[in-house]
Amino acid sequence: MDLISFRDLDKGTVEKIFGLAEDIDRQLERKKVDKLEGIMATLFFEPSTRTKLSFQSSAERLGLQVVDFLADRSSLKKGESFTDTIKTVDGYCDVMAMRHPAEGAARLAAEVAEAPVLNGGDGANQHPTQTLLDLYTIRKLKGKIAGLNIHLVGDLKHARTMHSLVYGLGMFGAKVTMVAPKGLELEEHMVHEAEKRFNFKMESRDSIDLKDADVLYVCRVQEERFIDKYEAAKVKKEFTISADYIRKGKKDLIIMHPLPKIDEIPPEVDAMPQAKYFEQARNGIPVRMACIKMLLEG
Amino acid sequence: MDLISFRDLDKGTVEKIFGLAEDIDRQLERKKVDKLEGIMATLFFEPSTRTKLSFQSSAERLGLQVVDFLADRSSLKKGESFTDTIKTVDGYCDVMAMRHPAEGAARLAAEVAEAPVLNGGDGANQHPTQTLLDLYTIRKLKGKIAGLNIHLVGDLKHARTMHSLVYGLGMFGAKVTMVAPKGLELEEHMVHEAEKRFNFKMESRDSIDLKDADVLYVCRVQEERFIDKYEAAKVKKEFTISADYIRKGKKDLIIMHPLPKIDEIPPEVDAMPQAKYFEQARNGIPVRMACIKMLLEG
Amino acid sequence: MDLISFRDLDKGTVEKIFGLAEDIDRQLERKKVDKLEGIMATLFFEPSTRTKLSFQSSAERLGLQVVDFLADRSSLKKGESFTDTIKTVDGYCDVMAMRHPAEGAARLAAEVAEAPVLNGGDGANQHPTQTLLDLYTIRKLKGKIAGLNIHLVGDLKHARTMHSLVYGLGMFGAKVTMVAPKGLELEEHMVHEAEKRFNFKMESRDSIDLKDADVLYVCRVQEERFIDKYEAAKVKKEFTISADYIRKGKKDLIIMHPLPKIDEIPPEVDAMPQAKYFEQARNGIPVRMACIKMLLEG
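Residue numbers (the numbering used here), protein chains in the order written: chain D, -19 to 278; chain U, -19 to 278; chain F, -19 to 278.
FYI, nobody ran anything at the bench for these hints, they're computed from the structure.
Mixed in with the good hints there might be a few duds.
Chain F stretches covered by chain D per the calculated footprint, using a threshold of three residues with CB under 8 Å from any CB of chain D [claimed, not checked]: (1) 37 to 50; (2) 61 to 68; (3) 136 to 150; (4) 212 to 223.
Selected chain D positions facing chain U (Cβ under 8 Å, derived; list incomplete) [as the list claims (entries may be wrong)]: (5) -6; (6) -2; (7) 7; (8) 9; (9) 11; (10) 13; (11) 14; (12) 16; (13) 19; (14) 43; (15) 45; (16) 49; (17) 127; (18) 210.
No more than 25 Å apart at the CA atoms, straight line, and that leaves these computed lysine to any residue pairs for SDA-like [stated by the list, open to error]: (19) 137(U) with 63(D); (20) 122(U) with 59(D); (21) 15(U) with 7(F); (22) 214(F) with -13(U); (23) 15(U) with 15(F); (24) 216(U) with 70(D).
Keep in mind the model is a prediction, meaning the values are calculated, not measured.
Idealized CB from N, CA, C, for every residue including glycine.
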C-alpha cells in the first residue's frame, strides 16, 4: 500500500489513520512508543526542510532509521532516469517519503518500488499527510469536524493543499466558506468535484468576515500573483489576519496555517490562544507516524 | 583491519566475506539481523548518492548509527589538511566509509585513523565493495564463478571497477572476454597483472557476440571519449545492449551493470528476466554489511 | 534548562558536568553506555562540520537519534522568521544543538523552544561546550587546573572561545599568560571581567616564551588581520609553534588547539607526545554527552 493522494482514501481508512494517530499521541505523551524496525529513505527532489524533518522525526519516533537521498548531488546529474533512481533506492529501504516538483512523480515511484511510498508533495498536486494532519488537528481541538464553520482564507488557487482540504472537509461534513481575493479563488472543477462527491455546497466570499467561523485556515497571498502592485498591496493588507480581526471572532475560534508563514499573520497573533498553527505542525508527528505504521504493517 | 583495495584480499578472505554475506542475506529475509553497536561516519569528498546510501543503509541494517561528513561544507575550505580531518572524524566514529577523487586517499586515511576504513572509491582506482558485490551476485545467481563465460562490454578503460573485476574473476577461475571499442580497451598492464597472478588468459574483441556468454557485464561508453562525433555515435549504437541482442543469447544469461545506466541499456530490457542489475545493487547491502562486520569484529 | 553561555554556569554546575563526563568516559571505554531515548535536532545556520559531527556523534552514543535541519535549503529562503523556524523544529525533537552567525541567536531560540537548546557557537560570542571540553582536557591530562601555567598564544582577539576560556581558567584558579601579537590582544573588558569576577591577575606578553608553561593553547593568526603584508609574514612566523620551541619547554607540556589548524602548528609536531589537540577534540564526545544528558534529565 502507498499513500499518494488523499482522494485514494475512503472515510474508513482516514478514520483508521486518526485512530492510530490518537493511540500514538497517547504513547508519545507517556514516552513509551511501540517500536517498529526498518529504514525510511527520504527523497526530496525539491527542498522542503519542515516536511522532510517531520517525516524523519516521525520515522525515528517509531524506531526506524533514516537515510536521506540528497537529490541535488545525485546520479540525476549523470542522466539516470527517475525510475532507475527509485528502483535502486528501493533496495536500500523499507519505506520512502518523497517530494518532487512534477505531478504524478510519487505515483510513478509507487508503481516501480516494492517499498511503500508516502507522497510528501508532488508539484501543485497532492500532499496527503498535510490534509490528514489538518483534519486531525480540527478534530482534536474541536472534538468533531461535522457541522463546523471552516473559513479558508487567502490565495486558495495556488495553495498546494487546498484542493485536498476541501475534499476532506466535505468528507467529514464541515460547512466550508472560501474567502479569496478575486482571481485567486479555488479552481471551479475542484470545488465541483468535492461538492458533487459529498453532496454539499461551499460558500464563496471575497472579503473576510469571521463572525461565525469556528476554524480559520489561512493561506499566504503572494504579491507576485498580481500585475498591479497597488492592487497587490491593497489585497495583501485586506488578507492579513490582524489581532483585531481575531478579537471580533468567536472566543473559541482556532487559527490554522500550513506554515511557513511570512507576514499574513503578524507575530503578535502567535501569543493569542486562538493561534494553533504550531500545534498543528506538531500534529504532523503522530499523523505521519500513523501513516508509516499503516503502510509498513498493512 | 581496513578494506582499501580488492587486491589486498586473498581468496580465503573473499570467501569469508561471501559466507558472512550469505548469513546476513538469510537474516535479512527472516527480518532478524544480529545487531552490532557503534557509529559509522561517511566521508564522501566526491558525490555518489547511491554508494553513500548503500553504505549508510548497510550500517543501519547492522544496528549502527550514521554520521555524515558533508565534505563540501567542511573545514576543508578553511585549509585543513586531509589527515587532520581524518584524525578528527576518527574521534567521532567506530568505522569510516569514504570516497575521494584522489588515488591513495583511502589508504592514507587508513594509516592515520584508528577506526577501520572502507574505501568507497578513490579516483579511477579502487572500489573494493563494488567488486565484491559483483562477484557475490554472479555466485548467488549462477551458483559458481569458475568456468563461466563472462563478457565485459563497453568502455573498459575508464570504468572505475573493471581493473578489480578482472582480477577477481581471475581469482575465481572465470573465462573472461573483454569487448571494448578500439582505444577504450582495459589497459594492458592491468590485463597482464591479472593474467600473470592467476595464470589464465582473457580474450579480447571489439564487437559484441553474446552467443556463449553466461554473464554480460555492461559499462557505459561516453561520447566525450571520442574526438570524432560521427565515430562516437556509431560506436555508442554498436555498444547499446538491445533486447534483440539479448534474445539471441543463452536463455539463462544474466546482465549486470554497476549503475547508474543512461542509454547503454534501453528501458525495455529492464523487464526481461535476464536483467539483474537492480538485484546486483541490492546485493550491495549484505556484502557491505559483511565487510563492516568483518572490520568491526576482526 | 539550556546551555547558552559558559558564564551562565557556576562552578558547581561545571564540576557536575565534568563528573558526568568522567562517568561517560568510563562507560565509553567499557563500550557499555547508559542509553537515553529521544531525538536531537542539529540546526547549523553557519557551516561547522566538526562541531556538528561532534554533537551528532555524542547524541548517537547516548542512544538518541538525530535529525539535521539543513539551514541553507530551508524555509528561511521563503522569508520565515527565525523564531517560527525554531518553534516548528521544536515540535520535531527533544533537544537542539545550534550554531548561528548572529550573537544572541541561541538565547532567543532557548526562549521560544520548549526543548533544551545547546549553543554550538553564536557569532564571535559564546561556544560553551568548547570551553567545557578545553577545561575538561586540561583537568584530565594534568589532574587539576588550579595553579597551572597556561599560555594562550596567537590571535586572542578574534578567537571565538578565548573570552570564555579565560573566564573558565579564572574560575578554576589557573595562572594565565596571554601571548598575542600587538593589536590582536584579548579585548580589555573581557580581561577585566574575568579578573574581577575571580579575583586574579593575568599576565600579557607579545612574544612566546614557553619555559614555565604547563599548557600551551594555540590560536591561529590570520594574515587578513594585518594591513602590512610584511608585518603579517613576520608575526605569523613568530607565532608558528615549531618543534624547536616545544623542545625548549617543560617535558610534560601539553599543546592544545581548538582545530582546525592550518600552518600555525607544523605537521611534524603532531607526532610529538606534547601534541594533545586530537585528544582534546575526542574529549568533545564525553563532554557533549554529559551536557545533553544534564539538559535532558535536568
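Hints, one by one, checked against the model:
1. 37 to 50: With 4 residues close enough to chain D, the hint holds.
2. 61 to 68: holds (count 6)
3. 136 to 150: As far as the region 136 to 150 of chain F goes, the hint is violated, because 0 residues have Cβ atoms under 8 Å from chain D.
4. 212 to 223: Violated - the region 212 to 223 of chain F has 0 residues with a Cβ nearer than 8 Å to chain D, which falls short of three.
5. -6: Constraint on residue -6(D) not satisfied, violated at 29 Å.
6. -2: At 28 Å from the nearest chain U Cβ, residue -2(D) fails the 8 Å test, so the hint is violated.
7. 7: 22 Å, violated
8. 9: 26 Å, violated
9. 11: 20 Å, violated
10. 13: The hint is violated - residue 13(D) has no Cβ within 8 Å of chain U, the shortest such distance being about 18 Å.
11. 14: This hint is violated: residue 14(D) lies away from chain U, its Cβ roughly 16 Å from the closest one there, beyond 8 Å.
12. 16: 11 Å, violated
13. 19: 6 Å, holds
14. 43: 12 Å, violated
15. 45: Holds, because the Cβ-Cβ distance from residue 45(D) to chain U comes to roughly 4 Å (cut-off 8 Å).
16. 49: With a closest approach of 6 Å, the residue 49(D) hint holds.
17. 127: 46 Å, violated
18. 210: Not OK, violated: residue 210(D) not within 8 Å of chain U, min 43 Å.
19. 137(U) with 63(D): Violated, because 28 Å separates the two Cα atoms, which is more than 25 Å.
20. 122(U) with 59(D): Answer violated: residue 122(U) to residue 59(D) is near 31 Å, above 25 Å.
21. 15(U) with 7(F): 19 Å, holds
22. 214(F) with -13(U): 49 Å, violated
23. 15(U) with 15(F): 16 Å, holds
24. 216(U) with 70(D): It is violated: about 29 Å lies between the C-alpha atoms, which goes past 25 Å.
Checked against the numbered hints above, the structure violates hints 3, 4, 5, 6, 7, 8, 9, 10, 11, 12, 14, 17, 18, 19, 20, 22 and 24; every other hint is satisfied.
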